[in-house]
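Undergrad: Each residue of the sequence shown is one higher than the one before, starting from 4 at the first, in the numbering used here.
No lab work stands behind these hints: they were computed from the structure.
Careful: at least some of the hints might be erroneous.
[Claimed, not checked] Per label pair, the in silico range of CB-to-CB distance:
1. Gly18 with Ser57: 36 to 42 Å
2. Gly47 with Met4: 57 to 63 Å
3. Tyr16 with Ala76: 54 to 60 Å
4. Thr42 with Asp62: 19 to 25 Å
5. Asn25 with Val48: 27 to 33 Å
6. Ala46 with Gly15: 40 to 46 Å
7. Thr42 with Lys7: 41 to 47 Å
8. Ser57 with Leu5: 56 to 62 Å
Positions of the beta carbon are idealized from the N, C-alpha and C atoms, including for glycine.
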Amino acid sequence: MLLKLAVLGGLGYAGYKYYEKNFANPSRPAFAGNQGDATIRDAGVSSMRDNAQSWSKTDEALDQTFPASDPPATY
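Whenever a hint applies, use it, and build me the whole structure from the sequences.
TA: Here it is as structure tokens:
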């Protein structure tokens, strides 16, 4: 019984390590690879991990003001 639990634990550990190596995303969500270790990314499409399909001037202005509460003056 104890041997079975040890084998099962070893298989679980090996599976977890395999998952982390092959499937876990090492980068932070929404951050480009060149953003360093900061918790806040720079504004703009070039700082995003995923490319925006269409990025308007309003989108850019909103991204630059976040997390400020004041809306941009480009409406």
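Undergrad: Evaluate each hint against the coordinates.
TA: Right, here's what the structure says about each hint:
no. : hint                         : verdict
1   : Gly18 with Ser57: 36 to 42 Å : holds, 41 Å
2   : Gly47 with Met4: 57 to 63 Å  : holds, 59 Å
3   : Tyr16 with Ala76: 54 to 60 Å : holds, 55 Å
4   : Thr42 with Asp62: 19 to 25 Å : holds, 22 Å
5   : Asn25 with Val48: 27 to 33 Å : holds, 29 Å
6   : Ala46 with Gly15: 40 to 46 Å : holds, 42 Å
7   : Thr42 with Lys7: 41 to 47 Å  : holds, 44 Å
8   : Ser57 with Leu5: 56 to 62 Å  : holds, 60 Å
Checked against the numbered hints listed earlier, the structure breaks none of them; every hint is satisfied.
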